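> Chains A and B supply the protein sequences, listed in that same order.
Take 2 as the starting number for the first sequence in the numbering used here and just add one per residue.
Take 273 as the starting number for the second sequence in the numbering used here and just add one per residue.
Calculated directly from the structure, the hints in this document are not laboratory data.
In this text the structure is predicted, and so the values were computed from the model without any measurement.
Just so you know, even glycine gets a beta-carbon here, dropped at the ideal spot from N, CA and C.
Warning: the hint list may mix true and false statements.
As the list claims (entries may be wrong) - From chain B, some residues computed to sit far from chain A (all C-beta separations above 10 Å):
1. SER280
2. LEU306
3. SER321
4. LYS326
5. ASP331
6. GLY332
7. ALA342
8. SER346
9. GLY355
10. LEU371
11. SER382
Unchecked claim - Per the computed footprint, the stretches of chain B lying under chain A, defined by three or more beta-carbons under 8 Å from a beta-carbon of chain A, are:
12. 290 to 297
13. 372 to 381
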Amino acid sequence: SQTIHQWPATLVQPVGSPLSLECTVEGTSNPNLYWYRQAAGRGLQLLFYSVGIGQISSEVPQNLSASRPQDRQFILSSKKLLLSDSGFYLCAWRRTVPSYNEQFFGPGTRLTVL
Amino acid sequence: DQQVKQNSPSLSVQEGRISILNCDYTNSMFDYFLWYKKYPAEGPTFLISISSIKDKNEDGRFTVFLNKSAKHLSLHIVPSQPGDSAVYFCAAYSGYSTLTFGKGTMLLVSP
């Protein structure tokens with residue numbers, strides 16, 4: 002069976018500090034991978050997605066970046082955090098076949114920037 | 273521009289009754305729709321989906337209806353249970369890679 006892991010579960014960081022959130026998927030190969038953010042009182046905003054190693058698509062311009070160094074690893078980074086980066090960050094994956102199918106979400110990381 | 277709209281931020285229903293969660297969309301290219309359920313501090317979990325070639329899909333207590341001409345879909349939960357209390361997100365695919373989510377509706381089912 003497939004599982005998706007995210008860490009850390011919670012993080013408190015000062016403004017201007019760097020960020021690295023990691024997501025790994027087990028039990029599948031060549032998944033599509035996604036980073037979302039849920040800000041307080043808002044829906045799920047797609048930040049980045051990847052269809053393969055080294056392939057990153059950015060949906061929203063911001064001070065965050067993403068990388069996919071391995072098939073089942075997806076990393077969200079920032080060089081300098083802003084207060085507005087606070088939120089609940091979710092990683093998700095889906096199979097590439099069939100064409101339409103559900104995305105499976107990880108447990109999330111609660112980021113608070115002070 | 274919000275392409276998937278859930279206009280009711282919250283809904284309260286009594287246990288045993290029907291819960292109806294609504295979703296409207298503006299992008300006519302959307303052709304596959306999903307509903308997710310989310311508890312606080314957890315990732316969303318997939319509930320049910322529907323292709324644009326259908327108008328109804330049923331899975332146990334959950335039924336999704338799609339009205340393409342009105343660009344409207346709804347999720348029916350019958351009977352509602354207290355454990356159904358959560359935030360429900362409507363989402364849509366256009367193309368195969370990315371989902372567009374609504375802002376969610378918080379459902380509260382009271383005993």
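> Going through the numbered hints above, which ones does this structure break? Give me the numbers in ascending order.
Numbers 2, 3, 10 and 12, in rising order.
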